[in-house]
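Asker: Protein chains in written order, with the UniProt record's numbering: chain A, 1 to 330; chain B, 1 to 330.
Read the hints as simulated data drawn from the structure, not as lab findings. Some hints could be false.
[Claimed, not checked] Just the calculated beta-carbon pair ranges, DEER-fashion: (1) B:294 x A:240: 37 to 43 Å; (2) A:121 x B:176: 27 to 33 Å; (3) B:294 x A:175: 30 to 36 Å.
[Unchecked claim] So these bits of chain B aren't anywhere near chain A, every CB distance computed over 12 Å: (4) 51; (5) 119; (6) 154; (7) 235.
Since we're looking at a predicted model, the values are computed, not measured. Every residue gets a Cβ at the ideal spot worked out from N, C-alpha and C, and that includes glycine.
There are 2 protein chains.
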Amino acid sequence: MHPTSPIPDVVRDVSGERLAAAAGIGAGIPVLAFDVGGTDIKSALFDADGTAVGLRRTPTPTGGADSPARLIARLQELADELRAQHPHLAPAAVGLIVPGIVDAEAGVGVFSSNLGWRDAPLRALAEDAFDLPVAFDHDVRTAAWAEHVIGGARAYQDAVVLIIGTGIAGTLLFDGRPYTAGGYAGEIGHSPIGDWPCPCGARGCLEAIASAGAIARRYAEASGRTPDGAKEVIALAASGDEIAARVWDEALDALALSAAQLTAVIAPEAIVIGGGLSRAGGALFDELHARLVDRLSFHRIPALVPAELLGNAGILGSALIARALVEGER
Amino acid sequence: MHPTSPIPDVVRDVSGERLAAAAGIGAGIPVLAFDVGGTDIKSALFDADGTAVGLRRTPTPTGGADSPARLIARLQELADELRAQHPHLAPAAVGLIVPGIVDAEAGVGVFSSNLGWRDAPLRALAEDAFDLPVAFDHDVRTAAWAEHVIGGARAYQDAVVLIIGTGIAGTLLFDGRPYTAGGYAGEIGHSPIGDWPCPCGARGCLEAIASAGAIARRYAEASGRTPDGAKEVIALAASGDEIAARVWDEALDALALSAAQLTAVIAPEAIVIGGGLSRAGGALFDELHARLVDRLSFHRIPALVPAELLGNAGILGSALIARALVEGER
Numbered sequence: 001m002h003p004t005s006p007i008p009d010v011v012r013d014v015s016g017e018r019l020a021a022a023a024g025i026g027a028g029i030p031v032l033a034f035d036v037g038g039t040d041i042k043s044a045l046f047d048a049d050g051t052a053v054g055l056r057r058t059p060t061p062t063g064g065a066d067s068p069a070r071l072i073a074r075l076q077e078l079a080d081e082l083r084a085q086h087p088h089l090a091p092a093a094v095g096l097i098v099p100g101i102v103d104a105e106a107g108v109g110v111f112s113s114n115l116g117w118r119d120a121p122l123r124a125l126a127e128d129a130f131d132l133p134v135a136f137d138h139d140v141r142t143a144a145w146a147e148h149v150i151g152g153a154r155a156y157q158d159a160v161v162l163i164i165g166t167g168i169a170g171t172l173l174f175d176g177r178p179y180t181a182g183g184y185a186g187e188i189g190h191s192p193i194g195d196w197p198c199p200c201g202a203r204g205c206l207e208a209i210a211s212a213g214a215i216a217r218r219y220a221e222a223s224g225r226t227p228d229g230a231k232e233v234i235a236l237a238a239s240g241d242e243i244a245a246r247v248w249d250e251a252l253d254a255l256a257l258s259a260a261q262l263t264a265v266i267a268p269e270a271i272v273i274g275g276g277l278s279r280a281g282g283a284l285f286d287e288l289h290a291r292l293v294d295r296l297s298f299h300r301i302p303a304l305v306p307a308e309l310l311g312n313a314g315i316l317g318s319a320l321i322a323r324a325l326v327e328g329e330r
Numbered sequence: 001m002h003p004t005s006p007i008p009d010v011v012r013d014v015s016g017e018r019l020a021a022a023a024g025i026g027a028g029i030p031v032l033a034f035d036v037g038g039t040d041i042k043s044a045l046f047d048a049d050g051t052a053v054g055l056r057r058t059p060t061p062t063g064g065a066d067s068p069a070r071l072i073a074r075l076q077e078l079a080d081e082l083r084a085q086h087p088h089l090a091p092a093a094v095g096l097i098v099p100g101i102v103d104a105e106a107g108v109g110v111f112s113s114n115l116g117w118r119d120a121p122l123r124a125l126a127e128d129a130f131d132l133p134v135a136f137d138h139d140v141r142t143a144a145w146a147e148h149v150i151g152g153a154r155a156y157q158d159a160v161v162l163i164i165g166t167g168i169a170g171t172l173l174f175d176g177r178p179y180t181a182g183g184y185a186g187e188i189g190h191s192p193i194g195d196w197p198c199p200c201g202a203r204g205c206l207e208a209i210a211s212a213g214a215i216a217r218r219y220a221e222a223s224g225r226t227p228d229g230a231k232e233v234i235a236l237a238a239s240g241d242e243i244a245a246r247v248w249d250e251a252l253d254a255l256a257l258s259a260a261q262l263t264a265v266i267a268p269e270a271i272v273i274g275g276g277l278s279r280a281g282g283a284l285f286d287e288l289h290a291r292l293v294d295r296l297s298f299h300r301i302p303a304l305v306p307a308e309l310l311g312n313a314g315i316l317g318s319a320l321i322a323r324a325l326v327e328g329e330r
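All chains should be built: construct the whole structure from the sequences, respecting the hints.
Answerer: The structure is reproduced here in structure tokens:
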């Protein structure tokens, strides 16, 4: 339901390896942060300067009936290793973000098909395990909030953050805070704009035509050749390949239509775009702006700006919510 | 930009006549309320029981360079007449709502093409004229808020109110309050969902295919005969007229697509529909629900409910904001 973006360059190391240093989160209390994904967990300590130390990625334990307990046990091991390596750092809180349907207020992982849980009381389990206050939230929403606090959305109080990768995940920020509607808001990837089939069961979803995954798949279907991701399709389109040009043109039109609807209905000051597709740069941002202006009239055209935190938005956000929990800033 | 709905039955009296009694707003301080439209002004005193007394409709002074001053002078005359007729009633605040682009915080009518003003300091002018606190806001937003406080949206904190009449006006209610984004949010009538031309200059606007006005116009264009409004087109569709059936079917599909997008993106608990088209009853609400369910998958389907205050929503909302200003409830 909340598709994840391809891992960007900055964190493409293999399991268990140290990752390139994440951008800092600024001075404050030291915290321990986890970003739990369907295939791996990112973990790090953040020191009083806000620098991530020991940032690394390790596999997520496979699902099953006891998956919440096994996940928490694994997080404890990771924490023990981090604490052993950095004995001078005493975290005062823990950040824990997970995918799927999340009830952040109740501290419950309501459902995750990848991780195999249903109504898992993850915050309570983590609080017991760490004996520390635990900030718990949804991964994509937290990453979007990090973009607001220290990334591409920081100049805007009202923004939409779109992560366009394998799928398309959206987060609405109103007055600088994620708007969730009980976890149902922001499904821009599964907002219908046409009539093509979508694996989710609905028709005409944006994600099925404009995600990086869909662009690569649609080019492969039309050409009979599997491209090296959407970025090759975009490069082929620029060099005159007609099939690639059509696939990319249709993706841009779909994104522009969706952006036009967001503009008319919720009128964000900015649409912040991250994920693999955002690396297309001007080929994406300039084209999208031109098509958006062309579609609308009296509306207030939002700024279209790239996300800045890339694959680190989740772990940085996890650290930020841990800090905010103790410092009461959120 | 914010089209008004056709005047519903309950207030169809001609200029200067008393109107049928509006629903009450409940007990509280007495207030004086105005709902200023492009062609007429509704005015009333509300007593301590919340009942409108002296509710009537009179023509709006025609526009021009001095239109704000002339409007305020006219409101003063209306207030004097009301006070003379009801000397026992001493209003403690004034509600004033106007169409166009409104900066409610600054108390300024930013622009109204019908009323001929630009950056008119209406709240300050009214405060000087009445020597009372003046609550000032946008007409459609205030009417939608009234639906939340005492009308069809009162069971819902997160709702979209759609007034479908000559045009389509939308208001977003988040946590029970209108979300405005500086006055740009809620333009659901001018959110693009296709490629047909719209008089606003954009392409594919919902209003150009699914408003009551568009339904009547499109039937007239296709059949060569002018119908008695959308309601005749809907009746003709039910009785087997093929042109009417196609026009109505296309309007329903467009409304369902737009509702599906609202559901995916902002996930309201309810979509509250008012204006002339809402009187179609089951032909609208049941059909729309079926098409909305058909378009979506995992999404949380909102309740589709009729607005209850009809043409009185504006004057009731005006009285409610006047009360809230003094009682600090908003």
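Asker: All hints, please: hold or fail.
Answerer: Hints, one by one, checked against the model:
{"no.": "1", "hint": "B:294 x A:240: 37 to 43 Å", "result": "holds, 41 Å"}
{"no.": "2", "hint": "A:121 x B:176: 27 to 33 Å", "result": "holds, 30 Å"}
{"no.": "3", "hint": "B:294 x A:175: 30 to 36 Å", "result": "holds, 35 Å"}
{"no.": "4", "hint": "51", "result": "holds, 36 Å"}
{"no.": "5", "hint": "119", "result": "holds, 17 Å"}
{"no.": "6", "hint": "154", "result": "holds, 18 Å"}
{"no.": "7", "hint": "235", "result": "holds, 29 Å"}
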